[in-house]
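Here the protein sequences come in this chain order: D and S.
Going by numbering that gives the first Met the number 0, the residue at position 71 of the first sequence is 70; the numbering climbs one at a time, nothing skipped.
Going by numbering that gives the first Met the number 0, the residue at position 15 of the second sequence is 14; the numbering climbs one at a time, nothing skipped.
Each hint can be trusted.
Listed next, the stretches of chain S that the computed footprint assigns to chain D, with coverage defined by at least 3 CB atoms under 8 Å from CB atoms of chain D: (1) 13-24; (2) 31-45; (3) 253-259; (4) 359-372; (5) 382-395.
Lysine-lysine pairs mimicking DSSO-like chemistry, simulated, CA-CA at most 27 Å apart: (6) S/4 x D/171; (7) S/4 x D/99; (8) S/201 x S/188; (9) S/48 x D/129; (10) S/48 x D/128.
If you are wondering where the hints come from, they were derived from the structure by calculation, not from laboratory data.
Yeah, the Cβ is synthetic: ideal placement off N, Cα and C, and Gly gets one too.
Below are the chains, spelled out letter by letter.
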Amino acid sequence: MTKKAGPLFYVFLALFVFFVMFPFLWVLLSSIKPLSELFGDKAFDWLTSHPTLKSYVSVFVNYPFLRYLWNSTVVATITTVYTVFVAAFAAYAIARLEFKGKTVILGLVLAVSMFPQIATISPIYMFVKKFGLTNSYLGLIIPYTTFALPLSIWLLVTFFRKIPFDLEEAAKMDGATPMQTYFKIILPLAVPGVFTTSILVFIAAWNEFLFALTINTAETYKTVPVGIAMFQGQYTIPWGEISAATVVVTIPLVIMVLLFQRRIVSGLTSGSVKE
Amino acid sequence: MRNEKRMERLLGYSLVAPAMLLILAIAIWPVIQSFYYSLFDYRLNDPTKSSIHWSYSLDLEGYLQNYPFLKSALKQEMAAADGQTKQTLAQIEQKLAKLDAAIRSNDQVARQYDKVNEVLDNFETPSDELKIAELDKQTAERLTDTVHDVVRALKEMKKAGELQQADKVVGLAEGLEGVVIEPNFVGLKHYKDSFSDMRLWKALWNTTFFTVVSVAIELVLGLGIALLINKAFFGRGVVRATILIPWAIPTAVSALMWKFLYDGQNGIVAHYFETIGLVDRMGDLLTTEAGAMFAVIFADVWKTTPYMALLLLAGLQTIPSSLYEAASIDGATKWQQFTQITLPMLKSSILVALLFRTLDAFRVFDLIYVLTGGGPANSTETISILAYKVMFSQTNFGAGSALAVVVFLCVAIISMIYIKWLGKDLLSDSASVKR
Chain D
0 MTKKAGPLFY VFLALFVFFV MFPFLWVLLS SIKPLSELFG DKAFDWLTSH
50 PTLKSYVSVF VNYPFLRYLW NSTVVATITT VYTVFVAAFA AYAIARLEFK
100 GKTVILGLVL AVSMFPQIAT ISPIYMFVKK FGLTNSYLGL IIPYTTFALP
150 LSIWLLVTFF RKIPFDLEEA AKMDGATPMQ TYFKIILPLA VPGVFTTSIL
200 VFIAAWNEFL FALTINTAET YKTVPVGIAM FQGQYTIPWG EISAATVVVT
250 IPLVIMVLLF QRRIVSGLTS GSVKE
Chain S
0 MRNEKRMERL LGYSLVAPAM LLILAIAIWP VIQSFYYSLF DYRLNDPTKS
50 SIHWSYSLDL EGYLQNYPFL KSALKQEMAA ADGQTKQTLA QIEQKLAKLD
100 AAIRSNDQVA RQYDKVNEVL DNFETPSDEL KIAELDKQTA ERLTDTVHDV
150 VRALKEMKKA GELQQADKVV GLAEGLEGVV IEPNFVGLKH YKDSFSDMRL
200 WKALWNTTFF TVVSVAIELV LGLGIALLIN KAFFGRGVVR ATILIPWAIP
250 TAVSALMWKF LYDGQNGIVA HYFETIGLVD RMGDLLTTEA GAMFAVIFAD
300 VWKTTPYMAL LLLAGLQTIP SSLYEAASID GATKWQQFTQ ITLPMLKSSI
350 LVALLFRTLD AFRVFDLIYV LTGGGPANST ETISILAYKV MFSQTNFGAG
400 SALAVVVFLC VAIISMIYIK WLGKDLLSDS ASVKR
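Turn these sequences into a full structure, and let the hints guide you.
Below, the structure is given as structure tokens:
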């Protein structure tokens, strides 16, 4: 941290930011081009002289895009709330209580989080089909547990471990039961960690593709990633609409990332760095 | 004190239990089932194979929709025929009646038999549980053989013009051919077939190539970026946000975005690649084998290098700067500092980042499914894509599950290798209770 940044460094930085952001920039520019300028000679012009919002209108009028957004929101929110709730108890026990087999349990959680989705898809598909859960929210929320729960437990354990043990000892001295300690001392201190975990789980559930692709095939139950990916027809690909839809899903993401970047980074790196 | 310890242990187990049960039921059990499915010839589009059978069984619906009608048709033919033909027909009828008696000799089957008959008489469809009756192997084989003989005999008579309603009789007899459901256990056949199929090896090679090349590039670039931005500078927030956005966007959406940028006619990135001579023609990017693989790797590197840099940066920031100060006082060059201090101190961060990235890359699905669909000519078909296609396009769940198990085993092996390198670092709870 002692090194000082020179002007050359900022040039490099600007280039880096430009390269990473270029696809988004181009998609943003394309989304306001009229259809005729997406193809042919003008396809490679950066700026259009006839900006239009037609693609945006079309995304919402000609496609059930609002419905996709709603579906994704419902599925991701319920998945997040329920897995983080269940995981919070397990993580507290693993991080804070003494009992045999903790390391094995944590190892199992980590192993499950590495499971390839494809290895679970056929039985899960048969299961949701048997119970008539294809094309329903529950049909995605149940399978999403496979990745959301291990992720939540893993992250929460690292956050719970960071809370000082002295507080717990003091509460014990004063005669608090473990449950009282949990609700009155640990949970309030763990709120930032729980929040960070929720953001990461939400993003993971929002982005999920394979289960959503196979289980919810009806237009009214598709999620955003599948919905956008299926914009492409058999012969034509509506690039204008795809660009507009991409911009629509990216903007809330950018806002979220800007607001919570510190938390997200702490969550992403918490499992990988020993402090 | 001892009691308190026991209480704590009990509380611990009961708090962990719900999560563990969910993980067992929704993640571990399906993997076991996948393996189980892979041992069967299990196909969704074939009614006789759309579930798993250990033993022979009889489709009573199919049987009862044909046998009674065949019986009465044969009687009609017998009444109209004479001499040799009449005798043959009588033999056939007797054979079938004996067989019918054999089927009904089992009480349980007889009960189902009558029930299905009743349901069919009411013009309703019997439930799957009701209409499938278990059959012992002997009767099942006898049924298959008998029906086979009967069909052959009737066809010959039809040819000889000895039957009045030849088409009807033969049709009803043929209707009995599909009523025996054979056990579809095939053992390790799917694995044997898969491993002797070039397509699996090609997919494994594609997956490995994609994983090794993209993870290697991501590591080198990520480390470079992490080293460069590991200093105080103006605009850290912007850079951090820039890093997070490609990571946060759904892979399927970013894949579609790259498909647009790579487009052979109006893709800007394809256009620039052509201009700088990276590809001969714009169209090559997604239509040639090498071009498509390059395109997929490039898109993956774009999406995950920033994430890699972030993990490594967090590792770098834990290295105390006093180490570097001491080294430079001792006259160590920058390169020596890098190889002697940075790399050893960063080892566990690098390994963890590599572990996560390697596993992620090995099970890649969304990116390739949307960007190339595995094409052209299966040149970017990874093992997950292949398994998905076999399962859901060919609806061959047995063979697809075998491929899924192969993916699972590969991932398990890769994890074990890394965990061995990492040692217990990953799981040890250094910050945990030391009472």
